[in-house]
Amino acid sequence: MASESPACGICHSIHISKPSTAWCFECNKGLCEECKEHHILKKASKSHGFIPVNEFQKLPVSVLQIEESCKSHSERYQAYCHKHECSCCSKCLIGDHKNCKDLTDINDVVCRIKSSNMMLEIEKSMRELTDNLQRIKQKRAGNLSSLKLHRQTIEKEIQIARHTVNEHFDRLERKLLKELQIIEHDERKKISKILASVERKEKEIDEFQISLAIIKQHASDLQTFLISKQIEHELTDTESLIQSIQNSNELSDVIISFQTNDLMKSLENISKFGKIVVQTSQSDISLVRQKIKQAQAKVDIVTECNPDHQYETIKNEEDSCFIVTVKPAHDALKFGLNGQYRLCITPSGFILEDIEKKTTKCCWAFKIVRKFGKRGIKNEFEITVGRRNVLGEGTVVLLCSSKDEPDQISRIAQTIMEGMKSKVKH
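Using our numbering, the first residue of the sequence shown is number 1, and each one after it goes up by one.
Please keep in mind that the hints were generated in silico from the structure rather than gathered at the bench.
Just so you know, even glycine gets a beta-carbon here, dropped at the ideal spot from N, CA and C.
Treat the hints loosely; a few may be bogus.
Said to hold, decoys possible - Derived pair list, reagent style DSSO-like, types lysine-lysine, alpha-carbon separation capped at 30 Å:
| hint | residue 1 | residue 2 |
| --- | --- | --- |
| 1 | LYS148 | LYS272 |
| 2 | LYS124 | LYS193 |
| 3 | LYS91 | LYS101 |
| 4 | LYS42 | LYS216 |
| 5 | LYS91 | LYS137 |
| 6 | LYS114 | LYS42 |
| 7 | LYS374 | LYS421 |
| 8 | LYS193 | LYS178 |
| 9 | LYS139 | LYS124 |
Claimed, not checked - Derived CB-CB ranges, DEER-like:
| hint | residue 1 | residue 2 | range |
| --- | --- | --- | --- |
| 10 | ASP131 | GLN181 | 42 to 48 Å |
| 11 | GLN340 | HIS233 | 29 to 35 Å |
| 12 | GLN181 | SER271 | 15 to 21 Å |
| 13 | GLY373 | LEU333 | 18 to 24 Å |
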């Protein structure tokens with residue numbers, strides 16, 4: 001961004017040129033101090049988010065270029081499609097995404113994104129990837145040093161062997177030294193290539209960390225979410241690079257040594273001193289791997305924004321989980337549910353997860369659940385959601401794996417809800 005402040009958008013519309021002092025993310029325009037005061041007093045715009053225009057100008061270009069409205073229909077985003085990993089406006093929902101089941105209200109996705117578990121996971125992944133890259137860098141740099149020592153040792157062995165024979169072996173010596181240098185050069189080239197790739201990725205992550213710190217402080221929630229998705233993909237690519245390096249055995253130390261030919265005892269039959277042997281040792285480097293996309297899908301899809309219940313939705317190992325089977329019915333099919341799932345009772349509400357992939361299939365926050373509890377039929381547990389659900393209202397019946405679990409699910413959910421209400425009162 002240029003250092004000069006942009007003109008006030010409202011004044012400009014009436015042909016008055018005044019520099020802006022604040023930036024409104026909702027209106028996507030700069031405002032002078034007077035227009036900002038009017039903006040805050042208006043009922044329709046008093047909840048808009050503002051930041052000083054000089055702080056707005058510090059945002060990275062990649063963030064400023066993000067469109068907060070649908071490019072195809074010029075409407076604001078209404079939902080996020082987890083299947084296609086894209087934001088959707090109302091026209092998108094009835095068009096290209098009319099058959100998509102895994103949709104979440106955009107406000108629920110971006111609410112408190114800067115303090116969400118997704119951001120924590122990305123920052124943690126950056127640290128872990130940086131540590132991994134540092135380990136690889138140190139390992140390869142150490143091997144470069146050891147290769148030089150190996151070469152020096154072999155040169156001494158070759159010189160000692162040379163002095164035991166006549167000048168006939170001078171030619172063989174030069175040939176062997178050349179072979180040694182070529183092998184060392186080739187191996188150093190391979191390692192240097194890995195180091196260059198690692199340092200490049202390390203630099204990219206450093207830049208991401210700087211950008212992320214600025215984004216968290218100054219960008220809008222939607223901007224933060226969308227750029228976070230971009231960063232997430234870049235981190236996944238870096239993790240794939242690290243995995244590829246390890247799978248291709250490129251972390252194994254290269255060891256070159258010298259083996260003296262036994263035929264040197266019969267000088268007439270000696271064609272060379274020996275041969276340069278290239279060996280690899282089993283890598284002892286320990287790399288940390290984190291499934292970024294899986295962690296994000298399990299946590300941030302269930303983030304809810306409720307002015308009456310300000311609590312952070314974080315799923316952890318203490319959440320109670322039950323194996324359930326969805327009974328086939330119209331509402332179950334509408335929600336895209338069919339078969340067996342894992343039902344998790346968390347502070348955010350009821351979450352149905354794919355048992356094998358451990359990914360979230362459906363999430364019903366307590367605020368949209370009209371009723372829940374055991375049905376009259378043995379082992380059956382019923383959840384009814386209202387119109388605030390992104391896919392509309394409906395009732396889903398779950399068949400639990402044991403006779404005690406329906407009552408247990410009800411008790412746990414009721415305890416969580418009562419605890420939330422108690423926190424709100426205090």
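| Hint numbers contradicted by this structure | 5, 10
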